[in-house]
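Using the hints, position chain V with the ligand against chain C.
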Amino acid sequence: MKPFTVLDAIVAPLDRANVDTDAIIPKQFLKSIKRSGFGPNLFDEWRYLDVGQPGRDCANRPKNPDFVLNQARYQGAQVLLARDNFGCGSSREHAPWALEDYGFRVIIAPSFADIFFNNCFKNGVLPIVLPAAVVDELFQQCEGAEGYRLKVDLAAQTITRPDGQAIAFEVDPFRKECLLNGWDDIGLTLRHADKIRAFEDRRRAEHPYYFA
Amino acid sequence: MAPQTLYEKLWSSHVVHQEADGTALIYIDRHLVHEVTSPQAFEGLKLAGRKPWRISSIVATADHNTPTDHWEQGITDPVSRQQVETLDANIREVGSLVYFPFMDQRQGIIHVIGPENGTTLPGMTVVCGDSHTSTHGAFACLAHGIGTSEVEHVMATQCLLQKKSKTMLVRVDGELGRGVTAKDVVLAIIGQIGTAGGTGYAIEFGGSAIRSLSMEGRMTVCNMAIEAGARAGLVAVDDTTLDYLRDKPYAPKGAQWDAAAAYWRTLKSDEGAQFDKVVVLDAATIAPQVTWGTSPEMVTTIDGRVPDPAQVADPVKREGIERALKYMGLEANTPMSEIKVDQVFIGSCTNSRIEDLREAAAVAKGRSKAANVRRVLVVPGSGLVKRQAEAEGLDKVFIEAGFEWREPGCSMCLAMNADRLEPGERCASTSNRNFEGRQGAGGRTHLVSPAMAAAAAVSGHFADVRAL
Ligand code: SF4
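Protein chains in written order, with our numbering: chain C, 574 to 785; chain V, 102 to 569.
Just so you know, these hints were derived from the structure itself, not from any lab. There could be a bad hint or two in this list.
Simulated pairs of lysine-lysine, DSS-like, Cα-Cα distance not exceeding 25 Å [what the hints assert, rightly or not]:
| id | chain 1 | residue 1 | chain 2 | residue 2 |
| --- | --- | --- | --- | --- |
| 1 | C | 768 | V | 152 |
| 2 | C | 749 | V | 265 |
| 3 | C | 600 | C | 636 |
| 4 | V | 441 | V | 466 |
| 5 | C | 749 | C | 575 |
| 6 | C | 749 | V | 264 |
| 7 | V | 378 | V | 110 |
| 8 | V | 110 | V | 369 |
| 9 | C | 749 | V | 267 |
| 10 | V | 147 | C | 607 |
| 11 | V | 378 | V | 267 |
| 12 | V | 265 | C | 768 |
| 13 | V | 147 | C | 575 |
| 14 | C | 768 | V | 147 |
| 15 | V | 152 | C | 575 |
| 16 | C | 607 | V | 152 |
| 17 | V | 264 | C | 575 |
| 18 | V | 427 | C | 636 |
| 19 | C | 575 | C | 607 |
| 20 | C | 724 | C | 575 |
Isolated chain C (complex conformation) (with noise of 0.2 Å):
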């Protein structure tokens, strides 16, 4: 996994609650058994005018002009601002995936859904829960400047401003630990192998059923 420690970065504003991961990544683009290329149809149907297909070059497909991401000042944005509850439906991991190969390592919003939350983390993509009004007051000042971009510090918990403005954030402390790092969950896991086999013993002792 790559490791995060400090991203400077423009900021794209996503306005509407509950995006869905089938927004994220429409279902026809689940077919692949990769794990990259997915940038390209992230937000496909708000993206694009057409329905999109996997396998076929998005290049020179027609590009919805009202949609937030084919606006010229927010080419190259690294951090997303959304609404509530972003991430909610299906437990795809896709998601992430499709979320990072576009360039976004930093998800701001008062909410998200619990199972896309934790993929985030496990795909070098941190997600940063603010209160719903300091969000609306992110929304504003990035709408309402062009070029507008934040540094978000993981290991100082803080998001800075453009007006110097630093809002602090919380991060699980194990979960901070690994994308500071980098590190990969089933090697820290296996550390644990000892305990898992005497667990494993045990339980298949007082119910073998399970074990069958």
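For chain V with the ligand alone, coordinates are given in the frame of chain C:
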């Protein structure tokens, strides 16, 4: 000992290791695998040179991509075929407890075949790279959906990194009215608490109305816990649970059964156990439900109307309703019973079990598909359900009514195969998600119970099944 909730019992019996911040390693008893969310996990495992920890925990099938007709032609879509063949190859190489490949007699939707084969048992932790894994909580299992990285993590370590959820009790008291089903109960719950109402919680469903449901009905309710934002739904063990499991192929037998059953009977919340939140519904007030929008919480009763955004003060809510109505092609204040449908879908891991098909068939019997309805798909959840339905003659009832009787699979629940809505088409669907484009780009989905879906199919518009 202090009284414990069912969730706490399941949680504490699976903790292998706990970090100071509360992150725990949870042991996983059952790992369900399907073709869409597993290829990258198998690949990651191989690339890292790791072996699966316990092959006998794996139950696998192909369901999302498989066609529901013309099986003699195989899978014609090359991309779908590649995904299914990749699963075949991976399972052949790695191994599993059970594998039901495409066209196997017992193949079907992963959440249908797990329980019907007795590979889902009370007290287990069950995971799958699919959010509707919450279904299995109907058996007092700690069951939830995981992402592909976690699929790989479970394969490699037999554990999952988890934080303990908060607990919520949703109690449905009293008796359900005639024509009101488990689907209506869960839609009414989501309508009340919202699609984010359960975020961060494990929801236990209780109360006399839940107790009176069959296992099929309880699975329908737990299936949609995720649509209320909760990763896991739970129902305590009782006689209904044990009666359902007793003769299932992978359920324990003889003395093992007796030992298991004695333990399973303890899998309920203790008297006086404290929940972080309690929500109470009165079963008698629940009427058949129909969704009108693009989120399961956008729901009303069959005698209700499409909401009027002008009446909503909160600007974010108003805009959400306006957007949904525009997508759905609906006018404010239209009576739900006047909305015409183009297609009907009876199936999915929410409502494709034998009882669901019986309920739909009871409505279809002696009636026929309305002329304005282009197609009615009936897709059983598994090969076993299909043959059971055929033994009961339900297939004939459907076919005589002009419905199509298909092979098992996920089908038009998410339209990854050829079964889908055309842009602008409206569908009465027994599935679980009415998101934009879920059943095909531009398609419009209304979630209903199987009986209500059949009522819409024969009426041409949504209709109160109680009046038919
Ligand atoms: S039936 Fe639908 S919700 Fe259930 S597993 Fe299949 S695609 Fe997912």
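Quick rundown of the hints versus the structure:
1. 768(C) <-> 152(V): Roughly 18 Å between the alpha carbons, so the hint for residue 768(C) and residue 152(V) holds.
2. 749(C) <-> 265(V): holds, 18 Å
3. 600(C) <-> 636(C): The given pair, whose Cα atoms are some 19 Å apart, holds under the 25 Å limit.
4. 441(V) <-> 466(V): holds, 21 Å
5. 749(C) <-> 575(C): At roughly 13 Å apart (the allowed maximum being 25 Å), residue 575(C) and residue 749(C) satisfy the hint.
6. 749(C) <-> 264(V): Measuring from Cα to Cα gives roughly 15 Å; hence the hint holds.
7. 378(V) <-> 110(V): holds, 18 Å
8. 110(V) <-> 369(V): holds, 8 Å
9. 749(C) <-> 267(V): holds, 22 Å
10. 147(V) <-> 607(C): Judged against 25 Å, a Cα distance of about 14 Å means the pair holds.
11. 378(V) <-> 267(V): The given pair, whose Cα atoms are some 8 Å apart, holds under the 25 Å limit.
12. 265(V) <-> 768(C): holds, 20 Å
13. 147(V) <-> 575(C): Given that 25 Å is the threshold and the Cα spacing comes to 20 Å, the pair holds.
14. 768(C) <-> 147(V): holds, 24 Å
15. 152(V) <-> 575(C): holds, 24 Å
16. 607(C) <-> 152(V): Given pair residue 607(C), residue 152(V) holds - Cα atoms ~20 Å apart, limit 25 Å.
17. 264(V) <-> 575(C): holds, 23 Å
18. 427(V) <-> 636(C): Distance of about 21 Å is within 25 Å: holds.
19. 575(C) <-> 607(C): holds, 18 Å
20. 724(C) <-> 575(C): Holds: residue 724(C) and residue 575(C) sit about 18 Å apart, inside 25 Å.
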